[in-house]
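Colleague: Sequence:
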Amino acid sequence: MSAASAQARQAANDGGKKSSPIQSVAVLDAAFAQGLGTGEIAVLSYAAERALLALIDERRARAIALRLRVPVIGSGALRAQLKRHGLINSVQAVFDAWKLYGYFVSQAVQNDILLRSGEG
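The opening position of the sequence shown corresponds to residue 80 in our numbering, with each subsequent residue numbered one higher.
Note that these hints are calculated values from the structure, not bench results.
We treat Cβ as the ideally placed atom computed from N, Cα and C, and that holds for glycine.
Treat the hints with care, as some may be off.
[Stated by the list, open to error] Beta-carbon label-pair distances, calculated as ranges:
| hint | residue 1 | residue 2 | range |
| --- | --- | --- | --- |
| 1 | Leu194 | Gly165 | 31 to 41 Å |
| 2 | Ala187 | Arg139 | 17 to 27 Å |
| 3 | Gly197 | Gly114 | 18 to 28 Å |
| 4 | Arg148 | Leu179 | 29 to 39 Å |
| 5 | Ala176 | Arg148 | 26 to 36 Å |
| 6 | Leu145 | Gly118 | 15 to 25 Å |
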């Protein structure tokens with residue numbers, strides 16, 4: 080289990096224990112200063128307040144989250160974990176569906192995730 084997964088599981092077990100309001104303000108200020116969108120800022124702030132794992136795909140937002148010590152997971156890695164736990168049958172099928180709806184995932188990222196999920 081990754082450190083981020085362990086942190087997310089611990090936060091869930093703790094009932095989403097909140098961090099200090101000062102930490103939340105610092106996260107908001109840093110994210111806003113880096114030019115993130117309101118959705119990304121909201122996700123980072125919510126995750127920081129509750130010591131949760133943030134689901135973020137955009138590269139710049141992930142980098143800022145890591146600097147702020149907000150643990151992150153991407154959509155693709157989440158799908159690999161869902162498959163490992165038997166909640167979905169095929170990661171490739173998810174990528175195919177995403178493509179139909181215009182969601183782009185580079186072939187290199189797809190290959191990495193498929194390999195990690197036993198489909199590569």
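Colleague: List, from low to high, the hint numbers that the structure doesn't satisfy.
Modeller: Result: hints 1, 3 break, sorted rising.
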